[in-house]
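Trainee: So you can see what is in the structure, the chains are spelled out below.
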Amino acid sequence: MPSSVPAERPATAKASPPRSRGLSLLVSELRVLFGRRRTWALLLALAAIPVLIAVAVKVSSAVPPGRGPAFLDRITQNGLFVAFTAILVSVPLFMPLAVGVVAGDTIAGEANLGTLRYLLVAPAGRVRLLLVKYAGALAFCIAAPLAVGLAGAAIGAALFPVGPVTLLSGGVVQPGEAVLRIVLIAAYLAVSLAGLSAIGLFLSTMTVVPVGAMAATVVVSVVSQVLDQLPQLEWLHPWLFSHYWLGFGDMLRQPVVWDSFLDNALLQAGYVAVFGALAYGRFVTKDILS
Amino acid sequence: MWLRWLPAVAAPVAIASGALIGSLPAGASNPLPAKTPAEVLVLAAGHQVRTFSGTVEQSAELGLPELPAAGKPSGSAPGPASAGSVASVMELLSGKHTARIYLDGEDNARVQVMDQLAERDMVRHGKDVWLYSSKDNTAAHLSLPAHTQDPAHAPDPALPTNPQGAHGMHTPAELAQQFLSKVGPTTAVTVGPDVSVAGRTAYNLLIEPRTDATLVGKVAIAVDGATGMPLSVRVTARGADTPAFSSGFTSFSLDAPNPSVFAFTPPPGSTVKELPVPDKPGHPATAGDPAKDHDPANAHGPGDPGDARENTDVTGTGWETVVGTSRGSAAAAESMLQDPLLSQATVAVPGGRLLSTALLNVLVTDDGRIFAGMVPPERLQAAAAAAR
Numbered sequence: 001m002p003s004s005v006p007a008e009r010p011a012t013a014k015a016s017p018p019r020s021r022g023l024s025l026l027v028s029e030l031r032v033l034f035g036r037r038r039t040w041a042l043l044l045a046l047a048a049i050p051v052l053i054a055v056a057v058k059v060s061s062a063v064p065p066g067r068g069p070a071f072l073d074r075i076t077q078n079g080l081f082v083a084f085t086a087i088l089v090s091v092p093l094f095m096p097l098a099v100g101v102v103a104g105d106t107i108a109g110e111a112n113l114g115t116l117r118y119l120l121v122a123p124a125g126r127v128r129l130l131l132v133k134y135a136g137a138l139a140f141c142i143a144a145p146l147a148v149g150l151a152g153a154a155i156g157a158a159l160f161p162v163g164p165v166t167l168l169s170g171g172v173v174q175p176g177e178a179v180l181r182i183v184l185i186a187a188y189l190a191v192s193l194a195g196l197s198a199i200g201l202f203l204s205t206m207t208v209v210p211v212g213a214m215a216a217t218v219v220v221s222v223v224s225q226v227l228d229q230l231p232q233l234e235w236l237h238p239w240l241f242s243h244y245w246l247g248f249g250d251m252l253r254q255p256v257v258w259d260s261f262l263d264n265a266l267l268q269a270g271y272v273a274v275f276g277a278l279a280y281g282r283f284v285t286k287d288i289l290s
Numbered sequence: 001m002w003l004r005w006l007p008a009v010a011a012p013v014a015i016a017s018g019a020l021i022g023s024l025p026a027g028a029s030n031p032l033p034a035k036t037p038a039e040v041l042v043l044a045a046g047h048q049v050r051t052f053s054g055t056v057e058q059s060a061e062l063g064l065p066e067l068p069a070a071g072k073p074s075g076s077a078p079g080p081a082s083a084g085s086v087a088s089v090m091e092l093l094s095g096k097h098t099a100r101i102y103l104d105g106e107d108n109a110r111v112q113v114m115d116q117l118a119e120r121d122m123v124r125h126g127k128d129v130w131l132y133s134s135k136d137n138t139a140a141h142l143s144l145p146a147h148t149q150d151p152a153h154a155p156d157p158a159l160p161t162n163p164q165g166a167h168g169m170h171t172p173a174e175l176a177q178q179f180l181s182k183v184g185p186t187t188a189v190t191v192g193p194d195v196s197v198a199g200r201t202a203y204n205l206l207i208e209p210r211t212d213a214t215l216v217g218k219v220a221i222a223v224d225g226a227t228g229m230p231l232s233v234r235v236t237a238r239g240a241d242t243p244a245f246s247s248g249f250t251s252f253s254l255d256a257p258n259p260s261v262f263a264f265t266p267p268p269g270s271t272v273k274e275l276p277v278p279d280k281p282g283h284p285a286t287a288g289d290p291a292k293d294h295d296p297a298n299a300h301g302p303g304d305p306g307d308a309r310e311n312t313d314v315t316g317t318g319w320e321t322v323v324g325t326s327r328g329s330a331a332a333a334e335s336m337l338q339d340p341l342l343s344q345a346t347v348a349v350p351g352g353r354l355l356s357t358a359l360l361n362v363l364v365t366d367d368g369r370i371f372a373g374m375v376p377p378e379r380l381q382a383a384a385a386a387a388r
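Going down the list, the protein sequences come from chains A and B.
Mind the numbering: the first sequence is residues 1 to 290 in my numbering, read in order.
Mind the numbering: the second sequence is residues 1 to 388 in my numbering, read in order.
Hints were generated in silico from the structure; no laboratory data involved.
A couple of the hints might just be wrong.
[As the list claims (entries may be wrong)] If you want the ones that stay clear, here's a sample from chain A, every Cβ over 12 Å from chain B, calculated:
no., residue
1, L26
2, F34
3, L43
4, V51
5, A56
6, K58
7, L88
8, G176
9, V179
10, V183
11, V211
12, V222
13, L233
14, Q254
[Said to hold, decoys possible] Straight-line Cα separation of at most 20 Å, EDC-like style, residue types lysine to aspartate or glutamate; simulated pairs:
no., chain 1, residue 1, chain 2, residue 2
15, B, K96, A, D228
16, B, K218, B, E208
17, B, K96, A, D263
18, B, K96, A, D259
19, B, K273, B, D128
20, B, K218, B, D194
21, B, K96, A, E234
22, B, K273, B, D136
23, B, K127, B, E274
24, B, K127, B, E106
25, B, K96, B, D241
26, B, K127, B, D104
[Said to hold, decoys possible] Sample of chain A residues with no beta-carbon within 12 Å of chain B, all distances over it, derived:
no., residue
27, R31
28, R37
29, L52
30, S60
31, A139
32, L159
33, F248
34, A265
No experiment lies behind these values; they were computed from the predicted model shown.
Idealized CB from N, CA, C, for every residue including glycine.
Model the full assembly from the supplied sequences, consistent with the hints where possible.
Mentor: Below, the structure is given as structure tokens:
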């Protein structure tokens with residue numbers, strides 16, 4: 001599939017009302033995003049993490065309890081734990097990396113290809129384009145954790161026995177509900193990555209070099225996580241967008257704790273508002289030369 | 001042109017002002033009827049709440065060394081999560097912890113200490129007490145002897161008659177009881193403006209010891225206006241401005257919890273350990289910490305000698321109380337000091353080793369006796385010398 005996709009972007013319908021114009025722009029954006037080889041490569045790389053973990057556990061000796069990342073020692077008893085381990089391993093770096101690539105590419109990628117002008121010539125409007133680009137990045141934020149979780153459940157079920165899953169509280173749920181919890185965790189992470197996507201979108205409006213925006217986004221996520229580890233900056237921690245990333249464990253309690261989900265959603269909404277507004281300010285005042 | 005940047009300025013401003021408003025000390029909206037300090041003390045002492053559920057947040061800056069939280073994926077050292085260990089207790093006394101507490105009557109209790117990606121559970125259902133740690137997937141079971149069901153011996157129902165009670169966190173009500181029992185002639189008690197805790201309006205009871213012989217400077221207890229149950233406790237050390245220890249509900253409901261939370265069967269694949277039945281409430285290993293005595297009927301302070309704990313002795317009263325163990329527990333103290341964590345946390349002083357925190361000092365003498373109290377170290381040494 002060619003990556004010079006803008007050519008296949010349909011010219012937005014001439015006389016349709018603004019809403020459906022925005023909708024068709026969104027549909028075409030999603031089609032472009034998920035038609036790209038790079039997007040699939042990112043998702044496949046993420047899905048390879050659980051496969052790697054499952055194979056490594058399969059061929060090695062049993063992991064003593066309490067060692068390594070959480071849940072690792074449970075995998076041999078129950079394959080579904082591959083999904084939880086893989087999600088835990090990919091949250092600090094791999095997922096922000098993938099999201100940084102997609103979000104950093106949103107505007108800068110079009111500018112780099114020289115297609116941004118044409119997108120704006122069509123009666124789309126800069127605000128609408130920005131919104132559609134952000135929606136595309138969000139769609140990837142939903143797809144990425146789902147890819148890790150579902151690939152983990154699948155490979156775990158293929159290599160190990162599957163049975164009732166022990167939650168953190170010591171209770172047990174049936175495999176069906178366990179898969180539901182995996183989807184719940186994916187939703188939690190999709191929300192968690194929304195703030196980083198907004199930062200990536202803003203950085204993407206700053207430059208015409210997509211790699212720069214991607215790298216900057218990933219660096220920001222790493223810096224945020226490093227700051228979150230410093231006890232001297234405790235007052236800052238609740239304001240860091242990565243602060244609740246590992247809080248997805250609350251979805252594995254019985255009963256489920258929703259506090260961290262809500263706190264996280266509120267925090268991410270704040271980041272989306274601030275960096276969305278910054279991206280708007282930058283994008284609508286910018287001279288589009290490419 | 002510059003108008004386009006307006007949202008970029010407005011959004012942080014709106015968030016900052018929202019956060020400021022949210023962080024203002026929550027004043028009570030419906031003022032409670034005015035009460036004298038004595039009336040609030042009576043209200044707190046007479047609370048009959050035996051059924052509730054809620055979330056407790058505890059924050060301690062006692063000056064203990066930072067310990068790896070049980071749930072941290074990087075924590076490779078085994079042990080901190082194992083049920084009831086010394087390290088587990090010390091870990092709970094440092095940093096921030098959140099726990100959900102469910103209580104239904106005398107016989108049903110559940111405490112869930114929620115660590116990151118891990119959880120420590122204490123479940124009591126009837127005579128069965130289960131301790132569970134998700135980190136190493138271990139469970140411990142304890143069958144309570146029948147006599148603890150005897151109402152005459154019934155301890156605070158919030159503490160499920162369990163020598164390893166430290167495995168779970170204590171409710172603010174239990175902690176408040178510790179300080180309320182010390183109120184006496186050497187204590188100034190006042191009532192501050194009403195406060196709001198977990199959405200409930202509460203009396204703000206301020207307790208200030210009028211003696212230099214304690215480490216405690218001020219204790220603020222929020223006493224629920226409707227039920228009299230203490231909802232939060234904040235303890236400030238003498239000479240400090242910010243609380244060294246605080247524990248309070250962030251959510252609270254008086255509805256009966258769903259009975260399913262009290263049901264526990266060890267999950268498949270877990271290691272189950274049967275704990276010996278405690279025949280004495282005052283287990284030597286827990287006597288070292290007066291904060292673990294929760295007998296409200298015990299008016300004489302922690303470690304009342306009449307309380308079937310022959311091997312502890314108490315000197316001083318009220319805030320100056322020092323609890324000590326006699327020679328019988330030398331082996332226990334020895335094994336305690338073998339723990340690398342504890343030996344690292346203690347410092348050598350004349351006559352033994354001292355574990356010093358902002359609010360509590362513990363002295364382990366060279367001959368294996370343990371003395372503890374919310375008092376300066378010199379008092380512990382004096383008590384140790386006197387008891388010899």
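Trainee: It remains to establish, for every hint, whether it holds in the given structure.
Mentor: Evaluation of the provided hints:
1. No Cβ of chain B comes within 12 Å of the Cβ of L26(A); the nearest lies about 22 Å off, and the non-interface call holds.
2. With a cut of 12 Å on Cβ distances, F34(A) stays outside the contact zone with chain B, its closest approach being about 30 Å.
3. Separation of L43(A) from chain B is adequate, the least Cβ-Cβ distance of about 24 Å exceeding the 12 Å criterion.
4. No Cβ of chain B approaches the Cβ of V51(A) within 12 Å, the least distance being about 20 Å, so the stated non-interface status holds.
5. For A56(A), the non-interface assignment is confirmed: its Cβ lies about 17 Å from the closest Cβ of chain B, beyond the 12 Å cut-off.
6. With a cut of 12 Å on Cβ distances, K58(A) stays outside the contact zone with chain B, its closest approach being about 18 Å.
7. The non-interface label for L88(A) is inconsistent with chain B: the shortest C-beta to C-beta separation is roughly 7 Å, within 12 Å.
8. A cut-off of 12 Å between C-beta atoms confirms that G176(A) is not in contact with chain B; the least separation is 17 Å.
9. The beta carbon of V179(A) sits about 18 Å from the closest Cβ of chain B, which is more than 12 Å, so the claim that it is off the interface holds.
10. Every CB of chain B is more than 12 Å from the CB of V183(A) (nearest about 18 Å), matching its label as outside the interface.
11. A cut-off of 12 Å between C-beta atoms confirms that V211(A) is not in contact with chain B; the least separation is 25 Å.
12. Non-interface call for V222(A) relative to chain B: holds, since the shortest CB-CB distance, roughly 17 Å, exceeds 12 Å.
13. Here L233(A) stays apart from chain B, with its beta-carbon at least about 15 Å from theirs, past the 12 Å limit.
14. For Q254(A), the condition that its CB be more than 12 Å from all CB atoms of chain B is violated, with the nearest at approximately 8 Å.
15. Among the hinted pairs, K96(B) with D228(A) is consistent with the structure: their alpha-carbon atoms are about 15 Å apart, no more than 20 Å.
16. Under the criterion of a C-alpha separation no larger than 20 Å, the hint pairing K218(B) with E208(B) is consistent with the structure, at around 5 Å.
17. Under the criterion of a C-alpha separation no larger than 20 Å, the hint pairing K96(B) with D263(A) is consistent with the structure, at around 17 Å.
18. Annotation: proposed proximity of K96(B) to D259(A) holds, straight-line Cα distance about 16 Å (limit 20 Å).
19. For the suggested pair K273(B) and D128(B), the alpha carbons sit about 13 Å apart, so the restraint of at most 20 Å is met.
20. Annotation: proposed proximity of K218(B) to D194(B) holds, straight-line Cα distance about 17 Å (limit 20 Å).
21. Simply put, K96(B) and E234(A) have alpha-carbon atoms about 11 Å apart, close enough for the 20 Å limit, and the pair holds.
22. Distance hint between K273(B) and D136(B) is fulfilled; the C-alpha atoms sit about 13 Å from each other, no more than 20 Å.
23. At most 20 Å may separate the alpha-carbon atoms for a hinted pair to count; K127(B) and E274(B) meet this at roughly 14 Å.
24. In summary, the hint linking K127(B) to E106(B) is supported, as the alpha carbons are separated by about 11 Å, within the 20 Å threshold.
25. For the hint pairing K96(B) with D241(B), the CA-to-CA distance comes to about 19 Å; that is within 20 Å, so the pair holds.
26. Using a Cα cut-off of 20 Å, the hinted pair K127(B) and D104(B) holds, with the two alpha carbons roughly 14 Å apart.
27. No Cβ of chain B approaches the Cβ of R31(A) within 12 Å, the least distance being about 30 Å, so the stated non-interface status holds.
28. No beta-carbon of chain B is positioned within 12 Å of the beta-carbon of R37(A); the least distance is around 34 Å.
29. Listed as a non-interface residue, L52(A) keeps its Cβ farther than 12 Å from every Cβ of chain B; the least gap is roughly 17 Å.
30. S60(A), annotated as away from the interface, keeps every beta carbon of chain B farther than 12 Å; the closest lies near 17 Å.
31. Every Cβ of chain B is farther than 12 Å from the Cβ of A139(A); the closest lies at roughly 23 Å, confirming the non-interface assignment.
32. With a least beta-carbon separation of about 17 Å from chain B, L159(A) lies farther than 12 Å from that chain, consistent with its non-interface assignment.
33. Residue-level check failed: F248(A) sits 8 Å from the nearest beta carbon of chain B, not beyond 12 Å.
34. At roughly 14 Å, the least C-beta separation between A265(A) and chain B is larger than 12 Å, which holds for a residue marked as non-interface.
Checked against the numbered hints given earlier, the structure breaks hints 7, 14, 33 and satisfies all the rest.
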